[in-house]
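Novice: Protein chains in written order, with this note's numbering: chain A, 5 to 99; chain B, 5 to 99; chain C, 5 to 99; chain D, 5 to 99; chain E, 5 to 99.
No lab work stands behind these hints, which were simulated from the structure alone. Since the model is a prediction, treat every value here as computed from it, not as a measurement. Backbone N, C-alpha and C fix where the C-beta goes; we use that ideal spot for every residue, glycine too. Please note that a few of the clues may not be correct.
Now the in silico label distances, taken between C-beta atoms and shown as ranges [claimed, not checked]:
no.	chain 1	residue 1	chain 2	residue 2	range
1	D	93	A	37	33 to 39 angstroms
2	E	39	A	18	44 to 50 angstroms
3	B	90	C	87	47 to 53 angstroms
4	D	93	C	39	17 to 23 angstroms
5	D	35	C	95	18 to 24 angstroms
6	A	92	E	97	22 to 28 angstroms
7	A	43	E	35	20 to 26 angstroms
8	E	35	A	92	33 to 39 angstroms
9	E	15	B	88	17 to 23 angstroms
10	A	92	E	90	26 to 32 angstroms
One letter stands for each residue in the lines below.
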Amino acid sequence: MKIGRVIGTIVATRKDEKLIGTKLMITQPLDLDLNPLGESIIAVDTVGAGIGELVAFVTGTASRIAARKMDSPIDASIVGIIDEIDINKSLLGNK
Amino acid sequence: MKIGRVIGTIVATRKDEKLIGTKLMITQPLDLDLNPLGESIIAVDTVGAGIGELVAFVTGTASRIAARKMDSPIDASIVGIIDEIDINKSLLGNK
Amino acid sequence: MKIGRVIGTIVATRKDEKLIGTKLMITQPLDLDLNPLGESIIAVDTVGAGIGELVAFVTGTASRIAARKMDSPIDASIVGIIDEIDINKSLLGNK
Amino acid sequence: MKIGRVIGTIVATRKDEKLIGTKLMITQPLDLDLNPLGESIIAVDTVGAGIGELVAFVTGTASRIAARKMDSPIDASIVGIIDEIDINKSLLGNK
Amino acid sequence: MKIGRVIGTIVATRKDEKLIGTKLMITQPLDLDLNPLGESIIAVDTVGAGIGELVAFVTGTASRIAARKMDSPIDASIVGIIDEIDINKSLLGNK
Numbered sequence: 005m006k007i008g009r010v011i012g013t014i015v016a017t018r019k020d021e022k023l024i025g026t027k028l029m030i031t032q033p034l035d036l037d038l039n040p041l042g043e044s045i046i047a048v049d050t051v052g053a054g055i056g057e058l059v060a061f062v063t064g065t066a067s068r069i070a071a072r073k074m075d076s077p078i079d080a081s082i083v084g085i086i087d088e089i090d091i092n093k094s095l096l097g098n099k
Numbered sequence: 005m006k007i008g009r010v011i012g013t014i015v016a017t018r019k020d021e022k023l024i025g026t027k028l029m030i031t032q033p034l035d036l037d038l039n040p041l042g043e044s045i046i047a048v049d050t051v052g053a054g055i056g057e058l059v060a061f062v063t064g065t066a067s068r069i070a071a072r073k074m075d076s077p078i079d080a081s082i083v084g085i086i087d088e089i090d091i092n093k094s095l096l097g098n099k
Numbered sequence: 005m006k007i008g009r010v011i012g013t014i015v016a017t018r019k020d021e022k023l024i025g026t027k028l029m030i031t032q033p034l035d036l037d038l039n040p041l042g043e044s045i046i047a048v049d050t051v052g053a054g055i056g057e058l059v060a061f062v063t064g065t066a067s068r069i070a071a072r073k074m075d076s077p078i079d080a081s082i083v084g085i086i087d088e089i090d091i092n093k094s095l096l097g098n099k
Numbered sequence: 005m006k007i008g009r010v011i012g013t014i015v016a017t018r019k020d021e022k023l024i025g026t027k028l029m030i031t032q033p034l035d036l037d038l039n040p041l042g043e044s045i046i047a048v049d050t051v052g053a054g055i056g057e058l059v060a061f062v063t064g065t066a067s068r069i070a071a072r073k074m075d076s077p078i079d080a081s082i083v084g085i086i087d088e089i090d091i092n093k094s095l096l097g098n099k
Numbered sequence: 005m006k007i008g009r010v011i012g013t014i015v016a017t018r019k020d021e022k023l024i025g026t027k028l029m030i031t032q033p034l035d036l037d038l039n040p041l042g043e044s045i046i047a048v049d050t051v052g053a054g055i056g057e058l059v060a061f062v063t064g065t066a067s068r069i070a071a072r073k074m075d076s077p078i079d080a081s082i083v084g085i086i087d088e089i090d091i092n093k094s095l096l097g098n099k
């Protein structure tokens, strides 16, 4: 999983019929300081995530498992709303 | 899924026979400002995308699901034509 | 596998029910000098890794195999606690 | 698929027996101007590609499908010889 | 496959039991000049590779196929010892 923030949605009238009814959320991956990191993706929402929420998302087969749609052309899904992140960054300086 | 723009096609006379009849579109991934981002890919069109259109594409197993060709050597497919992108970028500044 | 250090945890009350009971650890990939390298991920702990420990983690299908949960939306798992790394970096200069 | 150029071969006497008889081609991914982009890979040739040819290659499961060897440790295959690339780069400037 | 050099090993006493008995080799991906390129990985040795040897390695499902352990949490394996690399780099300048 990666940490991201839901920042928008896309509308696609013409699409694979297996995607009808899915909520397609633009999700921006974030670093540990919650700053944008890398390219945004379009993830299927499976947990009722709202715009602006901090989420955990998965990619690949895990995203079809999350959507309970193994036969849909999905390659990224939101699987959790993050309430809290506890990090001890000082650990990164210790060898 | 990722956001891209269809910018061309390739012609390949000698190819895997399972690819015969597929439309191979050169697709450029875009960032949220719709500027090119990262390397272009050759994606199979499954929704009738035309040159210049803004699309959503998937990679990996999802692309074979999209093409309804699980036994074809496909690793990227266009799955939707994007009509509209709604983003609230100010959310990226909020921690 | 890659080398990483467990630097924290996330709390997600609202999440895919298949993730209930998994320990979600923020893991920072490291280079050979044990400095941070690339973006951190949220990996499922399958070996009792503690905060601060040096670990080996896998991604993709291997992570669901590690978790013994093939039907869970998992795409990264910790599979070992690293006791020792033996590297001969001088080999990198030899052609 | 990605665009690449076959620039060489490797010889490996000691290798997985499932790879015996495969043609292992060093393939350099290219950008749209056909300049090298990113790291080269070793791809299995499935279409009779020669040194110097412009090719389309796939990665992951698609590469085993291409090789018709689902039980071989293959993660990249050449699936087509590119005759022609038609691109309209001006489309990348249009938002 | 990618080209790499085996530069070390890791010791992990506490690990997934399916990994017991596997040889975990730190492998550094190399560019075509055999200089380090990108992050090192921990790959399972399936061909008797020694420290310092130039190898071909695969990632993903192909690595479990190589190890003949489809139910092990493996995501990278060494599949060949490279005896010789024949490259014609001048081809990269030809469009």
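Novice: Each hint: holds or not?
Specialist: Evaluation of the provided hints:
1. 93(D) with 37(A): 33 to 39 angstroms: Taking Cβ atoms as reference, residue 93(D) and residue 37(A) lie about 36 angstroms apart, which means the hint holds.
2. 39(E) with 18(A): 44 to 50 angstroms: Given about 47 angstroms between the Cβ atoms, the range holds.
3. 90(B) with 87(C): 47 to 53 angstroms: With a Cβ separation near 50 angstroms, residue 90(B) and residue 87(C) satisfy 47 to 53 angstroms, so the hint holds.
4. 93(D) with 39(C): 17 to 23 angstroms: 39 angstroms, violated
5. 35(D) with 95(C): 18 to 24 angstroms: About 32 angstroms separates the Cβ atoms of residue 35(D) and residue 95(C), which means 18 to 24 angstroms is violated.
6. 92(A) with 97(E): 22 to 28 angstroms: Distance hint for residue 92(A), residue 97(E) is violated at roughly 50 angstroms.
7. 43(A) with 35(E): 20 to 26 angstroms: 24 angstroms, holds
8. 35(E) with 92(A): 33 to 39 angstroms: Taking Cβ atoms as reference, residue 35(E) and residue 92(A) lie about 36 angstroms apart, which means the hint holds.
9. 15(E) with 88(B): 17 to 23 angstroms: 54 angstroms, violated
10. 92(A) with 90(E): 26 to 32 angstroms: 50 angstroms, violated
Violated hints, in rising order: 4, 5, 6, 9, 10; the structure is consistent with all others.
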